[in-house]
Each structure stands twice: as structure tokens, then as C-alpha cells.
Amino acid sequence: MPDKLIAHNFAQVRDLLQARLERGQLQTVSLDIFDTLLARIDTPEQVQYAVCREVAKSLARPIEQVWQLRQQTEQALRQKALRDWLDPECRFGEWVSAWVEALVGHADLALQRFIITTELELEQLALYIKPDVLAFLHWLAQQGLRVLAISDMYLERAHLLEILRRKGLLSYFEQVHVSSEQCLGKYSGRLFASIRDELNISPSTWVHIGDNPISDRRAACEQGIQGIWLLEKAALRQRETQVLMANMAKRGSTWKGQHFFSVLEQRLRALEPASDDFYYRYGRDVLGAAFSTFMLGLQERLTRKPVDKIFFVARDGYLFQQMYQALPQKLPESYLYLSRKVITAASTADGLTHEQAKVAFYNPKQQGLRSICKIYGVPEDSLRYLAACHGFREMAQPIHDWNDKRLLDFLADANVQALIRPLGIEHRRLLEAYLEQSGFFEHKHIALVDIGWNGTVQKFLKQAFGHRADFPIINAYYFAFVPKLYHDFGAQNYCEGIIHDSRRDNACERIPSEFEEIFEQGARALEATTIAYREQAGVVEPVLKSPTAPDRMAEIACNHMVSSLQQGILAHWRHFQAVQRLTGYQSVEILPYVYGLLERAVVYPTREESRLLSQLVHTEDFGHDHILSIGRDKLSWQDLLKPRQLWHRFKVSAWRYAWLAGFPTNMTNFVLRMAYLRAVKK
Amino acid sequence: MSRAKPSISSVHLQITPWRLFIYAQAFRFSSGHGKCFSPGVKALMIWYAQRFKQVLLNRKLARQWRMYFERH
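Just so you know, the protein sequences line up as chains Y and E, in that order.
Read in order, the letters of the first sequence correspond to residues 6 to 687 in this note's numbering.
Read in order, the letters of the second sequence correspond to residues 2 to 73 in this note's numbering.
Next up, chain Y with everything else stripped away, as it sits in the complex (with noise of 0.2 Å):
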């Protein structure tokens, strides 16, 4: 009898083998396929509930009355080969067709088709080549060896090849041997029997190799065959947490999310190459996770509420475009350059309001007369004259009383409505014609896609167009959705946040408010914010913010890193489809975990975030040339002796929880959110 080899990994098996190709004792080498050369990102039994899910879905029937049959089925075959003294092993092909016509009393050649297509799917979704495998069958090719693939397994001989040629390791073997052909296992050790016989090999010649001490080292050695267990203790430890998790998913709350996560973990680790950059990783890691809970929430709702066509609104839905297109299946769309600031210029066609001129003021940064010039396309030249008539001397000056007398004389001047309405007028033809041209008129039911907040476009476009026949019905869907500023968007125009919606009332997915620069930043395009739009041979156009512009110029500065992000959360989006389709959870199941997720990046950061994203800066597309740190400030102990100060800063910081990023512990951020979350209003 062989000894009894473990090797915890290919080195020590390539030494062990290397020893007896000294010898001159070795001429074949087989391996066991799953768990030795290909590793899997989720348990067997996942991955096979979860073709039980897809068939239950094309069948519309309940999936554990799908899941039980498919159990009965594989015994009741099972049990007819060990009654003809076989191994209890049952083909893949007759197993689907026994499945098929449990499921729906007669046989079905299209749904057997589509079980094996979908079993092999979602087999390659989960497997991925262990680490050290390619390196370790280029040497044994380069040994000149008779290299056999042996597995345990129900999938045919067939599938394998496939999977194996799939992974790109079919050329490394001259054949490919499976129990469940001859219903001969290796646990047995009638399988090794039948391979020796057929292909005359002589055991003494013959190492095995595999992850199973039972089939892979004992079964072999009993024939003679030196088996070799290889045991990799990382692995198998992988293996029972995968168990575990999966066993946790079921109780609800955070585990769904843990475990899909957890599964995306894996996948990402063994799929992706490791980065250096920081920004790719924060978007890979943070980012990704919740831009792409938005998407699957945002798919979910397409397929519940079907849309003729879906209209990505510059900028912040320039990301969620590029990552809807690389869904399989699409609805038609398309890629809208608008702006808060084009859509409030057409929107004072029929004079200015006190309501609109309010929106100039949200802007902590804000100029008084001169930030409503900038936001409604009014130059501030033409005002000048008469905003001196009623007391501003300066038009820069911050209004702070947004009920100050002087501002609503100046609203009530007509002199004042009769220079800015003929400007309203053109912006909102000019507009009007660029939608006309996108089509957004062509369509009964469409789909608005934004980052969020207030709803600003949404509720523009409405206000300016909605008294037109053809105007769409409209469903909003934004990460973050906070309308602080409007509450009407009349009839038909429906609106929701995916991520965060505030009329929810939830304080938990508040979360993106805390931060919505990075987001904005994540997701927004490289090119500059439109500003206003211009026909050119009968064309109109968006007109870009200028490159010499301050804020312009500041965001090129930062569109490497911002770029980086996307990389990151782009990839997220691969895999994170991938792992959705073997798990099959909706976004409200994994939300909880995203929110903590986004609870540790926002409000517990890393020195390094804290320091690196403090880099970025942030613009807004109101009008203004203002940037906006989002950095955080230097806290000094002499700021701890103004309290009242410095809690002030911390309300209207961008990053807040930022500032605390130098001590030691976690716990100052702990206790200032639970501060913040007592003083924010519900």
C-alpha cells in the first residue's frame, strides 16, 4: 500500500512529485477537479437552489416544491444504481429528464435544455481557478506526463469539458473521466479500477491528487495508486464559512447582506486583480456596494413598473447609465444633458417668483442678487440699476432674510419681471427644442434616473412643460431622495429614493445625506455641467461650463481620481450581478448591510479615506463657481474652548465625521453621531 501523503499545497505536491519523476516512478497524474483545481464562491447547495429558483421562476411554481423534486428525483436514481450494483451516482441528462417530468408530467426537450444551460451557468458563475493551479499544471505539461482530470460528480462528461475548457484548463489534460458515466465512483475505488483497465496504466506509475482524504487518498492507495490529500486549511475553513453563512442568511435583517457580500468578497478576490490606487478601491469596496443595490433596486422597479424608455439626467446619471448598459437586458435609453441650472433659466418664462429666487439662497455660499443672476441666466448688468433702486448696494451682498423687503419690491418691479421673462422665454424654447430632439416628448411613460436630491429637474420640467398633450408620465428614481425644497410634483409625476427616501422616515438610511458629495463625485460624468444650450444648423447643443472656469478647473484636477472610482465601482457591478443571480436576493434584503456598510465608510472613516478623498473637491452645477471642500478641517484643542463654534462647523461640514479621522479610537465618532443624530431634525 502507497504512503500516506498530505501536501497542504501545490508546492509540496510538485516536490512530492518531483521526487518520483527522479525515482522514474511516475508517468500519469490525475487530479480531482472541484475543490483541488477549481474553488467555488458559494456552497454547492446554493448553487443548485439557485437553478431550483430559476426553473420555478420560468414555471411559476413555488421553489421548494421545485427543490423537493429535484431531491427525489436525484435519490430515486441514485437508489436504482446501487439496486444494480453500482456506486450510487446518477447522470445529469437522465436526472433532468426524471426532474422535467415530475415537474410537469410529461417530457420536455426546451426545459431540460434550459435546466442544463442554467445548472452550467451558474456552476461557472461560482467557480473560479484556485491560486497556484495554472502554475502547477504548466509544470506538469512541461514533465511531459499523462495528465487525467477524475471527479466525483453528477454533471456528465460533456459538462466537464466544458467547464474545464470555459476555466481554460481543458488542454492541460488528455482526458477527462467522471463517475457519474458509468455510475463508478472513486470513493469506491472502482472508478481507478476502470481508468487503470482502459487505459492500461500501471498503478505503481500513478499519483492522485485531490482534496478528499476518503475518495482522493485511500480509495487510490487500496488500488495501488499513490493518492495524495491535498489539504489547504485556508480553503477548507473558507468552505465552512461559506456554510455558515449561508445557514446565518436565513435568519433575515443584516445576514442576507453579510452572506451576498461575503460571496462578492470571494468572487472579487479571486476575479479582480489586487490595486494599489486608492480611489479604484473605495469604489470597488464602498461606492460599488451601494451604486449597485441602486441598480438592482432600480431594476426591480422597471420590471414592476415598465417604462418606454429610461432618460439618464446629467451628470451624477452618467455612472448609472454606463452601468445599466452592461445589463443583458435592457430597456431603450438615453443620456440627458441637463442641469439645475438650465432647467430653473427656462423656468422663469413667466417672470420670477419669491419661491424660485429662495433656491438661490440654499447655497451656504450664496451672493444675494448675484447668485439669482448666475442661477436663472440673467446678467447681472441688466438688474443692476434697479436692485440699486431698491437698496442693494451691493449685488454680491448675502440676503439672509429671505423675506427682506427690498428683495420682494424687486420681485414685484415689472420692470424687473419685464427683463428677466424674455430671457425665460428663450431659455425655455431652447430647452424645450433640445428635449423635442432627445425624444423625452415621443414617449407616454419614462423613466428619469438621477443621484437625487430635491428632485430639482423633475419638478422644473414639469412646472415648464407639463401643460403639453404629449408630456410623459414621469418615474423619477434617485439614490438619494430628499425634497426639502418642493413637495409638489403634480399628478403623474411619481418620485423615489432607492437608497434613501426621507419621507420614509428611516434614520438608518440617512446615510447618503451625511456625505452626498462623495457620492455625487462617484457617480457624476468627467465633462463639465451644461449651462445653457445653442442651435447650430438647426441643432441645438449643450454648452459645457468653460475649462478656464475656477470650479471647471478644479474638477479636471480631481477627474483621475474620480475616473479611478468609477473603475472600482464598475467592477463591483460585474461581479455584484454575477453573485445576485446565484443568491437571488432583492435589494431590500441586502439594503441593511449596505447602510452599515455606508455607516462605517461615512461615519467611522479610516485615516487614509479621510485623507485621500479630502483631495477631492466638489462643485455644484446651480451657476456658481464655488467649490466646495470637502476635505476636512484642522481640529485644534483651541477649538474645543468654542463649543457652540465649533458644533456650528460640524452641522455645516460636508464630512463631519472627517474631522475626527486623527484619533485614536472610534469612539469620538461614535459619540458625536449619537450627538448629531439627537440634534438633526427627524
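Quick caveat, the hints were computed from the structure, so don't treat them as lab data.
Accuracy of the hints is not assured; some may be wrong.
To be verified - Think about it this way: if two alpha-carbon atoms lie no more than 27 Å apart in a straight line, the pair counts; the simulated BS3-like pairs of lysine-lysine are:
#1 Lys-43/E x Lys-172/Y
#2 Lys-43/E x Lys-255/Y
#3 Lys-238/Y x Lys-54/E
#4 Lys-449/Y x Lys-314/Y
#5 Lys-335/Y x Lys-62/Y
Position chain E relative to chain Y; hints supplied.
Chain E in isolation, oriented as in the chain Y frame:
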């Protein structure tokens, strides 16, 4: 509560259930809405009991502990 470690090149999508539980307490002690991403005390106990069982079954680690106790 120690600060999260700086990210390294590997993928990090996992937050320990314990950490999530602690984060959720900030809501519980302020607004009262803490259940959103709290894994739940009972589930947390089960999780750590299972993990502990795994650690006990991990003979290599048990050997390390035995050596540790023998040395000290």
C-alpha cells in the same frame, strides 16, 4: 472600539457583525431606530458560538493554544 484598519490592496466588503451591532447602538441611544442594520443580539450570539465551534475544531489553532499554555 478600535479604528478600522487602513485598506490594503485586497478586497474588503465585510464588516464584522459585532461592529455592525455597535454602530447600530448610536441610533438606539439617540433616535430609537437601531434595528436597521443591527444583526440582533440572539443572531450575534449564535454567530459567535458557531465561529467558536469552528475555532475549536481547528486543530492547528488548538495546538497553538496548547503550546501557549504550556509555555506560560
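Pair hint Lys-43/E and Lys-255/Y, alpha-carbon separation not exceeding 27 Å | Between Lys-43/E and Lys-255/Y the Cα gap is close to 14 Å, so the pair holds against 27 Å.
Given hint Lys-54/E paired with Lys-238/Y - CA-CA distance at most 27 Å = Given pair Lys-238/Y, Lys-54/E holds - Cα atoms ~16 Å apart, limit 27 Å.
Satisfaction of hint between Lys-62/Y and Lys-335/Y, Cα-Cα up to 27 Å | This hinted pair holds, its Cα atoms lying about 19 Å apart.
Under the criterion that the straight-line Cα-Cα distance not exceed 27 Å, is the pair Lys-43/E, Lys-172/Y satisfied?
-> Violated, because 42 Å separates the two Cα atoms, which is more than 27 Å.
Can the restraint linking Lys-449/Y and Lys-314/Y be considered satisfied, given a maximum Cα separation of 27 Å?
-> holds (9 Å)
In this structure, the one hint that does not hold is number 1.
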